[in-house]
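There are 2 protein chains.
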Amino acid sequence: MSKSTKVTIQDVARLAGVGVGTVSRVLNGHPNVSADAEASVRRAIEESGYRPVAAAQTLRSRRSNIIGFITDEIATSPHAGQIMRGAQETAWKGGKILFLVNTQWDPELERSAVETMIDRQVDGLIYATMFHRAATPPQAIRQIPSVLLDCFVEDASLASVVPNEADGGYQATTYLIEHGHRRIGYINHVEDIPAQRLRLQGYRSALEAHGIPFDAELVVERYSEPKGGYDGMMTLLNLPNPPSAVFCFNDRSAMGAYDAIRQRGLRIPQDIAVIGFDNQELIAANLYPGLTTMQLPHYEMGIWAVEYLLSELDAVGKDEAAAERSPPQVLLKCPLVVRDSV
Amino acid sequence: MSKSTKVTIQDVARLAGVGVGTVSRVLNGHPNVSADAEASVRRAIEESGYRPVAAAQTLRSRRSNIIGFITDEIATSPHAGQIMRGAQETAWKGGKILFLVNTQWDPELERSAVETMIDRQVDGLIYATMFHRAATPPQAIRQIPSVLLDCFVEDASLASVVPNEADGGYQATTYLIEHGHRRIGYINHVEDIPAQRLRLQGYRSALEAHGIPFDAELVVERYSEPKGGYDGMMTLLNLPNPPSAVFCFNDRSAMGAYDAIRQRGLRIPQDIAVIGFDNQELIAANLYPGLTTMQLPHYEMGIWAVEYLLSELDAVGKDEAAAERSPPQVLLKCPLVVRDSV
Chain A
1077 MSKSTKVTIQ DVARLAGVGV GTVSRVLNGH PNVSADAEAS VRRAIEESGY RPVAAAQTLR
1137 SRRSNIIGFI TDEIATSPHA GQIMRGAQET AWKGGKILFL VNTQWDPELE RSAVETMIDR
1197 QVDGLIYATM FHRAATPPQA IRQIPSVLLD CFVEDASLAS VVPNEADGGY QATTYLIEHG
1257 HRRIGYINHV EDIPAQRLRL QGYRSALEAH GIPFDAELVV ERYSEPKGGY DGMMTLLNLP
1317 NPPSAVFCFN DRSAMGAYDA IRQRGLRIPQ DIAVIGFDNQ ELIAANLYPG LTTMQLPHYE
1377 MGIWAVEYLL SELDAVGKDE AAAERSPPQV LLKCPLVVRD SV
Chain B
1077 MSKSTKVTIQ DVARLAGVGV GTVSRVLNGH PNVSADAEAS VRRAIEESGY RPVAAAQTLR
1137 SRRSNIIGFI TDEIATSPHA GQIMRGAQET AWKGGKILFL VNTQWDPELE RSAVETMIDR
1197 QVDGLIYATM FHRAATPPQA IRQIPSVLLD CFVEDASLAS VVPNEADGGY QATTYLIEHG
1257 HRRIGYINHV EDIPAQRLRL QGYRSALEAH GIPFDAELVV ERYSEPKGGY DGMMTLLNLP
1317 NPPSAVFCFN DRSAMGAYDA IRQRGLRIPQ DIAVIGFDNQ ELIAANLYPG LTTMQLPHYE
1377 MGIWAVEYLL SELDAVGKDE AAAERSPPQV LLKCPLVVRD SV
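As they're listed, the protein sequences go chains A and B. Quick note: the first sequence uses our numbering, first residue 1077, plus one each step. Quick note: the second sequence uses our numbering, first residue 1077, plus one each step.
Next comes chain A alone, as it looks inside the complex:
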């Protein structure tokens, strides 16, 4: 490679006084760039000696600059919109547009959507689920660069990014322990999904790391809705030796736990501390007192998935033997969001 490849697209953007997205759109022959901006970019490319990756240039005419985004129900559910947001913003910065199809769990629509996307020559595909789970995406997604978002295939044959649930459970429980609690309840979900298994695993590891014996009586399983949280909390409060703090599988169960605690005339956090999971703003930020919770890295997973796809697209035609690498299986951290409930 010649030396001039060290000039980056960022340098060109700075020189031209435009965003990186605009440079990318000019390079890719995207129609929607003003004549002025295009002229500045072309000047900046000449002056800087910038040379975009040859493979990318060769492929230019075959690029649609569209990334397909297939999901079960991210667009229609109130739970995971930030996945779409992180992905869309990152795509647009790279001069690409996300076309989303929300299949509402219809497998025929899902297959058809993937095929239509490939027919329309999308550059790559994101297959995203509303909650962390094992998935069986249509075979066709393997025909083009693809990545799984908030899901994975059991044999790890497709790149994937999911939340680190076990670490989240560990952090949540540790935060309660650090606030002096040793008798900590856990209102878990009932269905066997990764979050259900892994958050419990994190809860147990944290107890163990702090020399607190596990007490099975303190773990209850309920549907992770307000009603389940209410009911689970009542069960814990009825124990001869009730907990002084409770970790809830998600913010919706915490919402119900709040009601149970209030109904008993107890105060949060003075009488009982509560920590949630998900950081579902509509609930967590709006409860009184505000709910301390673990944030799902929705936005970050969206960014990661698109950045991964863009790097795969860049690598096409390079001698990196991409096909021989194992697809990455990435876990992203769930950060603690402190409010007033612990």
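In case anyone wonders, no lab produced these hints; they're calculated from the structure. Accuracy of the hints is not assured; some may be wrong.
Some chain B residues near chain A, calculated using beta-carbon distances under 8 Å [claimed, not checked]: (1) Ile1142; (2) Ile1150; (3) Thr1152; (4) Ser1153; (5) Gln1158; (6) Arg1161; (7) Gln1164; (8) Gln1180; (9) Leu1185; (10) Ser1188; (11) Arg1196; (12) Leu1358; (13) Ile1359; (14) Tyr1364.
The beta-carbon is built from N, C-alpha and C at its ideal position, and this holds for glycine as well.
For chain A, the structure is supplied; the task is to place chain B on it using the hints.
Just chain B now, kept in the frame of chain A:
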């Protein structure tokens, strides 16, 4: 027209033992139909003498069977997912797939998305907003069949479907009056948006229709979030002659009103009745007691918009002088959802 046009696509579907969507996909040369299903449909067409609209057949090769769906933030916000759901389901029944772009209010992305959609030969475009408002969609959407969803252009030059806000306010207030209340507070939003003006108008009309004089003291304006609802409710409770019922601009303000009422040691609905607006399930169904509220017709608007587009597509090439009709400006009713707060 020949007599055989009276055989409908539904008849063909019934005869073939498949869904209408499958028939439509066969007619439109959609790839994703099993050989068996295609054979049954072709047999049923022959037997029934069904003749699809000629124009649609002629245009077949130019149809992508994709409907573009451009939105400010429906996919990323937790508020209006049912719009997407109604639209997607209706499109799919008609053998079409919705491609959504969520622009997060970025006008450059919005323009580019519309142009990319048109480049990719979508059959029609839906321009949808997260809340009911006047909109200024990119000019380019006028090049192909388009419809505005949950928004409108001031000059009514594009077809539009929005909620009937005034009727919703009227119904909510009337429901409280019918439950014996005559001193009814209204916690309105502060920004000048259609819902703000029109729900107040409905509130006033209902009072007037029932011979109750309007009392300006009973109407407070706050940001329509829990904090605003809490604060507005406190203001009303501090009146020398406080209301016995309160209509809240939305479910989020009602959530805050609940906290204020509880903090005063009052009971809902025995001491004070509460009615919301939006039927945002995550809140309305999960509050204790469940919140009685007006439902936004999100799902129905999604259906209406796609059905309108499909009928426009059917009309292409017919002698209906479509261009000379005024684009419909449709208001859909907000139904009352009764729970336990009144």
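**OP:** Enumerate the violated hints, using their earlier numbering and listing them in ascending order.
**Re:** Violated: none.
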